Structures are given as C-alpha cells and as structure tokens.
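The opening position of the sequence shown corresponds to residue 11 in the working numbering, with each subsequent residue numbered one higher.
In short, the hints are calculated from the structure, not lab data.
Incorrect hints may appear among the rest.
[As the list claims (entries may be wrong)] Pairwise CB distance ranges, derived in the manner of DEER restraints:
no., residue 1, residue 2, range
1, Ile152, Ala38, 36 to 42 Å
2, Ile41, Ser135, 23 to 29 Å
3, Asp114, Arg24, 31 to 37 Å
4, Gly127, Arg70, 44 to 50 Å
5, Thr153, Leu18, 37 to 43 Å
6, Arg42, Arg70, 24 to 30 Å
7, Glu45, Leu69, 38 to 44 Å
Since this is a predicted model, take the numbers as computed values, not measurements.
Using N, Cα and C, we set each Cβ at its ideal position, and we do this for glycine too.
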Amino acid sequence: MEVGDAELAFRPVRIDDPVPTGRQILDAAGIRQVEEHLLFLVLSNGELEELRLDETADLRGGGVERFLIFASAESYRIELDRKVLEWGACAISGRVLKRLAGVDPATYGVWLEVRGGEDQPVGDSELVRLDGKGLERFFTGITQTTEGAA
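Turn these sequences into a full structure, and let the hints steer you where they fit.
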C-alpha cells in the first residue's frame with residue numbers, strides 16, 4: 011500500500027494485516043496521535059472515501075491501495091469538474107486540483123467558479139482556502155491549443 015499527503019506525494023508502507031483498520035494504517039505510516047488525523051482511501055475512479063479509525067480496508071485486491079493522510083480533525087467538501095470530493099486540509103493548490111482531476115498539468119488550467127462574477131484562475135502553487143461558507147467549485151480546461159495554427 012502507499013500513503014500520501016496533501017501534496018499527493020505518496021510513499022510505500024508495509025502492513026502485514028490484509029484487512030487493517032484505519033488506526034493500523036496510520037500506525038504503519040508512522041503517525042502518532044492518530045485521533046488528530048484523517049485517513050482517506052483513494053478509490054479507483056479518483057474519488058476519496060474517509061476511513062474511520064475503527065473501519066477496515068481490504069488490501070487483498072490485485073492492485074496497490076493508496077491512502078491520503080491529513081493532520082486535521084475535519085474535512086472539507088469541494089466540487090471538481092462536477093464531482094463532489096472530500097478533502098482533509100483547509101486549503102488546496104492548483105497543482106493538486108489538476109492531479110485530482112486527472113488532467114495534464116502542462117496543458118490544463120483550473121479555475122475557481124465565482125457565481126455571478128468572473129471565474130478566477132488558480133495557479134499551480136496558489137492555495138485556495140476551503141474553510142469559508144459554502145461549497146467551493148472548481149473546473150479544469152485546456153489552456154493551450156494548436157487549433158487554427160497554420
């Protein structure tokens with residue numbers, strides 16, 4: 011299995027139990043004070059599913075299971091390309107949003123939807139706070155095109 015952080019930097023972690031609890035996964039990842047952390051399973055479709063400390067994950071499938079760990083007591087809901095996701099940090103960068111959307115960071119941009127106003131581009135290293143009121147909505151799109159080039 012692999013564990014990652016809010017930057018989606020993953021590293022391998024070994025665990026002997028094929029059906030570990032969230033607590034066991036956090037322990038295997040070297041996390042202390044597990045009650046102060048959130049653990050998410052990265053699903054095959056890219057969505058995130060929170061795994062409680064006493065909840066189990068089945069690692070017996072053929073692939074490598076990936077988990078995200080956040081030093082946080084609460085999660086934040088965002089919408090990205092019309093899919094609602096849970097995120098375990100109070101801010102998220104443009105680069106992470108692109109990776110979550112599964113788009114090429116070199117040719118795609120990401121924007122924060124502004125209802126009744128002009129949508130705001132989000133730079134790769136720019137952080138958008140998620141702890142305000144309401145659901146933050148993001149969308150991706152191609153920023154470079156060769157269409158019409160002679």
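Checked hints:
The supplied range of 36 to 42 Å is met by isoleucine 152 and alanine 38, whose beta-carbon atoms lie about 40 Å from each other. For isoleucine 41 and serine 135, the Cβ-Cβ distance of about 26 Å falls inside the hinted range of 23 to 29 Å, so the restraint holds. Between aspartate 114 and arginine 24 the CB atoms are about 32 Å apart, so this pair conforms to the stated range of 31 to 37 Å. Taking the beta carbon of each, glycine 127 and arginine 70 are about 49 Å apart, inside 44 to 50 Å as hinted.
Checking the proposed 37 to 43 Å range against threonine 153 and leucine 18 shows it is violated: the Cβ atoms sit about 21 Å from each other. For the pair arginine 42 and arginine 70, the supplied restraint of 24 to 30 Å holds, since their beta-carbon distance comes to about 28 Å. At roughly 23 Å, the beta-carbon separation of glutamate 45 and leucine 69 lies outside the given 38 to 44 Å, and the hint is violated.
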